[in-house]
Structure formats: structure tokens, C-alpha cells
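Chains as they are written, first to last, in this note's numbering: chain A, 1 to 467; chain B, 1 to 112.
For the record, the hints were derived by calculation from the structure and aren't laboratory data. Note that CB positions come from ideal geometry on N, CA and C, so glycine has one too. Among these hints, one or two may not hold up.
If the Cβ cut is set under 7 Å, some of the chain B residues that face chain A in the computed set are [what the hints assert, rightly or not]:
| id | residue |
| --- | --- |
| 1 | 41 |
| 2 | 47 |
| 3 | 49 |
| 4 | 51 |
| 5 | 53 |
| 6 | 55 |
Spelled out, the chains give:
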Amino acid sequence: MKSKSLQLLCIGTSPWKFLLLAIILAFSNAVPAHADDHEETPAAEEEAGPVDDYLELLEAQGEYAPAYDFFTTSMLWTVIAAALVFLMHLGFATLESGLCQRKNTVNILFKNVFIISIGVLTYAFFGFNTHYPGDFNGWFSWGGMIGDLNADGGSTWGYGGLGLAMTGFGDFIFQAMFAATGATIVSGAVAERVKLSAFMVFAVLFVGVAYPVAGSWHWGGGVLADMGFKDFAGSTVVHAFGGFGALACVMVLGPRRGKYTENGIKPIPAHNFPLAAIGVFLLMFGWYGFNGGSVLSAEPGALGLVFTTTTLAACAGALGAMFTSWFALKKPDLSMALNGILAGLVGITANADVVSVGSAILIGLIAGIIVVFAITFFDKSKIDDPVGAISVHGVCGIWGTLAVAIFADGFDFMVQLKGALLVSIFAFVFAYIVFTVLKAIMGVRVSEEEEDRGLDITEHGQEAYTN
Amino acid sequence: MKLIKAVIKPFKLEEVKDALSEIGVEGMTVSEVKGFGRQKGHTEIYRGSEYTVDFLPKVKIEIGVADDLTDKVVDAIVGAAQTGKIGDGKIFILPMEECVRIRTGEKGDEAL
């Protein structure tokens, strides 16, 4: 019996010979060159090295030079947070496909790939500059494509006079990751019967146009910012926005076939709970970037607080949903527990940096309780939401926004309510109009036969699991 | 020759297989099936709505046996698969016209 390593060496000796030759050639080239350099450089001259490069960088920071370390740490955290928020798309993909039927898995994954792609690209093409137009009328200012955001001091602290502890590109990439989450919230709610092409058109408009416009009202310094509205990481401008857009689409689209019968609701159960659970844990992991990154710096006090409140709310949300489903619906439902984690996270997203430990737990707990009743309410109202997106993001998004005024000092309840309603209604109306127009032009729903056979085969000609 | 099809509860498979080896049965085909008889289904609940699952998971064993071994095989299966509760399953005995071993081409009782 040959050993494994011996077997490996014997298999394909030709590639190994070439590799050996390549290594020998590389070394033979390197050695003489190095010897030459050594002879030419005079020993007395000091080499311009990394220290001088660093001092040059410091000078470029101008007045912020003494805090360069903080700037670099903050920027580092920002880009890591952007990567964490990106990971949430993996969470959405697995959660949605897990909660839906086997025969639509490819379609759901495909929509999720599409969303992150156009989300970031439209944000680069016009979203970012529409989201953050600088000086504008407070309602709308159309922006163009991003250019070299490192230019004109964009790679130093306080770029564009914003005083942010990140570069222009850091700001862009962090915000870009948020943008796509709006459409992905909708994708779960319309799953298993929406027409792929119609959804793609809708997503481009919803994420590309509606999201940055609504966002500009608050983070972009528009009308909501002027009112004193607070939405730390986007309970309203991301979650409620997505949730109420989803509600509009589901109302135009209609429920899945056979879900609502004369004899009541006929459940369409999840096909893969492990996938769904993996998805929720990934989303929670990504939320550390979502909320943590929204501190917009590495400021230790805020960062520690936000990580803590975020986690406490998620845990309380899980328990809130678990026990609510146990008592109100007879059995402890795993899908409800998973939605509960997300509900708690959405609830804390507006206020994670301003609430106490106790408040964070309460906010999460209440979100977990609310979400169970919201889910059953929508089902009883024949609004078919396979993943609970409307309840988790729409309803709990509003809850999180109002919680700012309820649990933290210095915020006005009516301002919070107005802001939440403004964005939610805007998202709803925008989505309703777009989807209705698409329904008239191209249809937004697959045929009955296509829905029965499954979108994987009919829209993609592929199966998710070939065995 | 007979073809014996036995539908049993899934967790009884190992026991039935062991009981059959003991009496000299050297091969079988097993498939995962769903079914119900008098056992009916059970109720499940998803996101607050109840629904009945009529079809329960079962395991189907198919064995080709010589005529003189048939009774012993049936007894072995009954003995191993029985729990006394509803849903234990059923055994179907069909007459088998021919049996062929693919590797050698043998036919008849030698192929079983």
C-alpha cells in the first residue's frame, strides 16, 4: 500500500517537473539582481523608508494629524463593518430559501445575487450622490456617478467637510451595502410567485431611486434631519422602508396558490430549517457591522454600547417570540423564534446608541412579542408573506423608531412618528405604483402552472437539488 | 419464487434486516416511502396555522425468496417489525415469474 504522499508525487510527474524548473529559474534570476543592487548603493546614504512615507501621510491630514491613529482605526472598522453588512446577503439568501419550498430555491438565490449586484452598482452610478446630495432643498436632488473619492482630500479625515472618521470610499462602500438590503426585504415577501423579470425591474427602481431619495431626507441632511428625527442605523430608512415596500408588492401580487382556502389558512411549511437558522445567525452576525458600523468611527464608548444593546435586543426578541408563539399558538415555533431574533435587531436599530441596557432588553422583548402577532395578523388578512418580512422589518421598524422617543431622552415622539410614517408611506406608494404599472405592462406573477411546477424549473430550467 | 414487499416503520429496519440475515436472507432492496392505513396522519402547526399530514414516512423492503422460505421470511419480518401499535405496516406476497443475477446471468432459485 503506497502512502498518500507518495501517491501524490507519482501522479502527474510532468507538472511537478515544470514547477521545480520554474522555482530554479526564479531563484537564478533573483540572486544576481540582488547582488548588483548591493554594490551600487553607497553605504552612507539613508534609504527613504516607511517612516518618511508615514510622516508624509500625517502632513496630508492637516489639522487632524494628531488623531491619525484614530482615523485609521475608524476607517479599518468601517470597511470591516461594510464586509459584515455584505455578509447579511448570505443570511438573507439562506433564510429565504430555507423558509420557502424546495422547488423555488434556485429562483430565490438568483434574486438575492441580482439584488446585491444592482444594489451596489446603482448606488455607485447615482445612489450615493442622491442619498448624500450635500446642500439641497431637503426633499430631492439627483446625483451622478461617484468618481475618485480619494481625490481632493477624500482620503483624509473630515473629507468633504463632513468630519467623518473615514475616507470617501469608506463612506461609499459602507452605505452601498445598506442600499441593497431594502430590495432584499421585498424579495422574501414576494417569493414563490413573483415573475423574475418584473422583480428585477422593480428592484432597480426601488433600490436605485426610492431608497436614496428617502434616505436623503434623514442621513442626507434633508427634511427629517431638520425636524430632529433620529434613526441611528435605519429602523425607518432601511427596514420600515423595505417592509412597507414589501407590503405594497404583496398586495398587488396576491398570495401563493392554495394558501388561503375556504377552510382557512393552509400553511406552506419551510423546506429547510437548518438553512433558515443559519441565515438568521448570519444576519445577526452581520448586524454587528450594520449597527456597529453606524457609529461611523472606532469610538470605544459608543462601539461597546451599540454592540451590547444590539445583542441584548436580539436575545430578548428571540425569547419574546418563542414564548409568545408557545402560549398564543400552542407550540414553540422555530420559524417564529428566528423571526424574533430579527425583530429584536430591527427594533434596536434606530436607538442602539442612546438606550440603556434595560431599555434594550425591553425594546427587543416587545419587538419579539409584536412580530408574532403581526405575522398572524397579516396571514389572517390574507396577505401572504412567506418569510415574515413585512412584520419583522415594516412593523418592528416603526416600533424601533418610536422606541427612540420612548426610551431615550431628548427625542420627540411625534417627530419620530412623522418620520416613520413619511418614509413608510413613501415606500408603500412608490412600490404600489411601480408594481401596478409593471403588472399592466408585463405581468408581475408567473402562471398557475409555473407556480405549481416551481420557479426553478420554469424560470431557470434548473433544479436546486438534483438528487 | 415469491416477491415479498413489506412496508414497515422506519426505525424497525435494522431489526428486520438482522432477523432476515439470521434465517439466511442475503439481500434486499429498501426504499423510503410514505403511506397510511388505519393509522391516519397527525396534526402539525406552522406559524399559527394547523394542518394534517396524512402521509407518514415508512420503509419498504423488497426481497425475492424461494417458495419454501416464504413462511419463515414472513414470520421473521412480523416478529421483528411488530410493535403492537397502529401503523406497524403490511406484507404483500406476490408470485414472481423469474429472477436473474445481472453479474452472472444465473436464473431461478440460484439467482435469489
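Against the structure, the hints come out as follows:
no. : hint : verdict
1   : 41   : violated (14 Å)
2   : 47   : holds (6 Å)
3   : 49   : holds (4 Å)
4   : 51   : holds (5 Å)
5   : 53   : violated (10 Å)
6   : 55   : violated (14 Å)
When the structure is compared with the earlier hints, violations turn up for hints 1, 5, 6 and for no others.
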